Amino acid sequence: MKRDVDLLILGAGPAGMAAAVAASASGQRIALVDDNPATGGQIWRAGAQAPRYPAAENLRAQLAAAKNVECFTATRVIAQTGAHELLLENPLHSWRIGYTQLILCTGAREVLLPFPGWTLPGVTGAGGLQALIKGGVPVRGERVVVAGSGPLLLASAASAKAAGARIECIAEQASLASLAAFALQLPRWPGKLRQAIELFDRHYQPHSHVVEALGDGRVQAVRIRRGSRLVEIPCDRLACGFGLRANTELAQTLGCAIEAQAVVVDNLQRTSLAGHFAAGECTGIGGNELAQVEGAIAGFAAVGLLAEAQALTARRRHWQRFADLLKRHFALDPELKSLPTADTVLCRCEDVPYGAVAQQASWRQAKLHSRCGMGACQGRVCGTAAEVLLGWPTPTLRAPFVPARVDSLLHAAALSSAAPTAVE
Amino acid sequence: MNADVIIVGAGIIGAACAHGFAERGLDVLLLDDQRGGATAAGMGHLVVMDDNPAELALSHYSLSLWRQWAPLLDEGCAYRNCGTLWLAANEDELAVAEQKSTLLDAEGLGCRMLSASAVHEAEPMLRPGLVGGLHVSGDGIVYAPNVARWLLAQQPQRIRQQHAQVSEVSGNRVRLCSGEWLSAEVVVLATGSARELCPELPIRPKKGHLLITDRYPTRLRHQLVELGYVSSAHSSAGTSVAFNAQPRPTGQILIGSSRQFDSLTPEVEHDVLARMLQRAIDYLPSLAQMNAIRSWTGFRAATPDSLPLLGPHPSQPGLWLALGHEGLGVTTAPATAQLVVNQVCKQPCAIDVTPYLPQRFASAEQPA
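Heads up: the protein sequence lines correspond to chains A and B, in order. Residues in the first sequence are numbered from 1 upward in steps of one, following full-length UniProt numbering. Residues in the second sequence are numbered from 1 upward in steps of one, following full-length UniProt numbering.
Bound-form chain B, shown alone (with noise of 0.2 Å):
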């Protein structure tokens, strides 16, 4: 045995892995081909997401722990507790916005339905004729790859970090290219990619497009979705774009978003920019004067009902799955940690993992 635990993937849900297990007393073995996932491009908002019951369960859970953390992440972790502004362009997305306020404060967190005047108040640089807003007071922003790295060192006796990638897994034992075999209690899949791994998991690569200015004077305070957000993050199928913007502390907008099934390429697509960009710039027009300073892209890994895989693999005992988060790795990175840790250490969990459970997939496992 190599360690009592191997992670493969170094990413905010391994590292977040990683600190849980370490912290219960068990040596890690984290390994990393450092190729850059989801963690190194995304946009880092910490956001509850309430599309289905198990999403808002997790994202709930999740930011409630990220608050614990909060006070004690370094300033390299650009933790901000700013918000959520969700947006109405018109009264159909207002009504959306008044069933998600009433979801929520049912789940005691806290939220305000905003009027337009007031939608203006709190974000001026916004266009006129929005109708209203919904201002989530929880949410915030970090930069995750530096909170992954601080999760690594908070427990450094315990974790050891490997360079290495990663060919094979077969239950509690994995193969690194060079050949050499190495196995542990309990193996956790902790990479966006793993289905280069174990082609049968259900997940896609959902390639995602970010786009970051130069710095300026504070314009704005909130992270800024559009209510239409989430039809464009549960398209299955195709190309969408929905504005989402978010004030970085350095005084930098950092502009997103989109969503394609279809492209497997990393490069920056100009077309799928373009009209990214067309969307942030008809709700904050302003924004079509400002210098862009970087633009990239990223994937995410999705699952067909958009949860992620939590528990073990429906068929190899000894593997563990942490992976599948979408759009919502960096959110639901600290939930994650405990439902996987605490499944693997047979311990009850805060939450019902029956929805993340991997198990879900497996009696529709034939292709289609």
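Okay, chain A solo, but in the shape it has when bound (with noise of 0.2 Å):
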């Protein structure tokens, strides 16, 4: 089975969402795919105890006006079949789609480093803990410690403290003197000044980083590092996520260019492949209103709607500035790379410990002697550790691009007839 479209937006976060309504205007026709169950993206996550967003219902009810943008959830990339062709999967089927234009809206990934005691069961990321809550993971009455850095900690301790969690500590690596130099610029963007108003809490600690957590069978304890002294937290829950990490491998697959971790973009979000754009976190973590700028700047731009496209230029830069900001201030520390210790599990997925990995000269060697990386994850979790612990940079992605039912893989064939669908 192979569709057509004239435009195809990846990613129904906030900025692959303003990128379709955007578009949506030139009649074109448009496919938004996302691989979650509803589109929202990670911010805007449905689920049965998620708050109402209203800036995502209003995209919401602008999509399902717009009779010409279809949406493709619980769908994900899993090949590349051609130039301007990607081999789509959801959990029925598989096809090929065709596209004139892209858009890539690929989001972010929490940026997860081991240290011991990482893999208990209660340990989550923070943007994780998140997800679980507004999934309906039951977190009343339970203490839970916030740990990693960047704002997305007071998210996720006020999504807990909301879901009747009693909020322990909140331990953020960057230091007194950078967060008060990042509260001192808040007042130019006045809706994050209310937002960090609202969401700060009393525990939380600068200057603070987990270094072990303790628990027989379960998290029972932290052990956080604050400043010189060791202090040990009991909690039943550990929420540690270390900023985010923009989700570039597919952009990079498909040929655009990468720097500095980000897909390189210009003023239309254009990137350096013709007739592909990127908007949103996959071009520099920014936060859900830049991402909504960029993804309607991208949307006007790809269906040739400039004018509309260029008045959206200041805003942006305001929201560029913020995400600069953010990128300043929040900086890990480096002696967080001494977190994990020889023993610590780096790779969840093949259960390989740090000390393998760390000895290795390169990515491919550690995968080739360790098989770190080589379980269903792929590396997404383990490669982006070892990024920021060993710097070594992400490779290029293969078919599939996320597992995918062997089936699947058939329909990758270019001639149908080489490959005939035998199994229903």
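Some clues are possibly wrong.
Straight-line alpha carbon distances no greater than 25 Å define the calculated DMTMM-like cross-link-like pairs of lysine to aspartate or glutamate that follow [what the hints assert, rightly or not]: (1) A:337 with A:212; (2) A:337 with A:259; (3) A:2 with B:282; (4) A:2 with B:50; (5) A:67 with A:6; (6) A:2 with B:267.
Because the hints were derived from the structure by calculation, they are not lab data. Small disclaimer: the values here were computed from a predicted structure and weren't measured.
Two chains, two frames, some hints: make the complex.
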């Protein structure tokens, strides 16, 4: 099966939704693809206990009204089958989709760094805990420690608190001076200032980072380094994330230029590859406001509405400055590289300790000899950690880009006669 | 002299040769450009192949050496004596299985014919309707990159490893890309991409695709190969696929195989991959709904007669060859090392080396 569209948008978070809405005015055939069961991305994740997000509702209503936009949720990109053609898979089918233009809105993922005890049940990412809570996991009455870096820590703690958890500590690795400098700039973005005040929690501790999660069969306490002191905090859950990493792999694999771990784009969100645009977190971590503006610019530009696109550049500059500020003030302390010990598991899929990987010369050698990154997550977690800890660059993807049914790969063949589908 | 022996290529062949020379008390310098070759890409199937007497002699001898290593290998080497189940889909293939059985029996190799129902009982994941099979009990699997690492770790005082790309070979001397010349009593070329250094060698790259599934509760017990594999393995042109499935100790299933002469790019080719997978689904229908997590390609170094080149270079004194193993490099690595080391040390070999001598192509060296 093969379908064709004028414009394909990958990722239905803030950037992708805004892009689809902006482009829909053109009347072109547009497909919006996301691997989650609903639109909204990570930040506006739908679920049993998910709050309502007005901005998301607004975009969803506009998408529903746009008859020329088709949404494919629970759908993943599993291979590139030709120039301007990708192979998609959903829980029932797989099919090739051809496009004239593409907007990559592939978002970002949490940076999970290994430390002793990080694989204990009860330890999750900071965004991970938020996703679990939105999905309906009960945390009422639980003692929660949030640790790592970035604004996501406060948001995660607020979600846990709203769901009835008790916050014991929010350990932010950035220094007090750095956070103070950040806070001083916040009045330039009144919405962000208001959000920071709303989310702020008296347990917020700068210059603090997790050293170890302790527990027998499940996390029971966390050891935190606060400046030069070590403190132990009893808890039922630890949510730990060290900021976000742009999902650049697909763009890189298609041939778009990547710099400083972000897809390179120009003022119209065009990548280095003709007909290919990128917007949102995959072009650099900047938050959902920036993502929406970038998405709209990409959507307008892709359908030739250049005046509309250009009209948004001042807004993008405004939010880009906020993104720059985040990057500057939440930069990771190099000391965090000493978090894992030699026997700390780095690759959870294949049970590979950090020591077996760190002694290798490159990611490739490490994969070959330790089998790290060879499991079902395809190195997305341990590869990102190795990038931070060891400075190894991320390799390009090979088909299947994500785990995919063997049957689906039969549809990758250009001639369907070469691979008839024998199995229903 | 920089060492007694310089070996170019640290795949399983180079590592086995380094191990063999070190065991004889020689100092080895092992050069590798870390581009990764067939050892990194291959399946790691230890299999007796009997397409011709020389192939059978070499693989049989090598399997006996593998069984000596087996108890010593570490867990990372993932050695399993899972046996091979050759599958007959029709009466013609069953006849091939019976011939094969007679041949292997005569060599003293443990094997037995299985009826259709016995095949189904041995591997319930296989589709119904196969007419029978041949079980070869001595075959097995390994994870070859870690066997190479293990081999080098056995004699650390005798083997030096250097990350370097060789740009030129001349007898017992090699030149590195840095311009530096190194020399030894003997230089051994043990790389599938040897043609970059010796264009006169009759070696062609034969591309192959592989795919591995996610982990599942154990469903396969044997390496499964269709009997049509032999004709695919020995075709000398075009693209062919044959069903070949391997149970990894992790519960993953490794799927092969494809053979192409006309493609030199390392990219996964969807048409070839799809053909190969369709073939696999024909044999293992439930594979269709299992998740694949990775596919990749590699290049086998193929010679015109499908036998490796083991021995002195026909016209360059001091230069020795241990290459051209096509798809049997892992299987025949221990035997290759013994035959090359014994020839270099002027000691008798356990089997007749004549069929593998590079000299056999020297008279036909004129370009066609």
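Structure-based check of each hint:
1. Between residue 337 (chain A) and residue 212 (chain A) the CA atoms are separated by roughly 14 Å; this keeps the pair inside 25 Å, and the hint holds.
2. Using a Cα cut-off of 25 Å, the hinted pair residue 337 (chain A) and residue 259 (chain A) holds, with the two alpha carbons roughly 22 Å apart.
3. Distance hint between residue 2 (chain A) and residue 282 (chain B) is fulfilled; the C-alpha atoms sit about 24 Å from each other, no more than 25 Å.
4. For a cut-off of 25 Å, the pair hint linking residue 2 (chain A) to residue 50 (chain B) is broken: about 45 Å separates their Cα positions.
5. Of the pairs offered as hints, the one joining residue 67 (chain A) and residue 6 (chain A) holds, with about 14 Å between alpha carbons and a cut-off of 25 Å not exceeded.
6. For the hint pairing residue 2 (chain A) with residue 267 (chain B), the CA-to-CA distance comes to about 22 Å; that is within 25 Å, so the pair holds.
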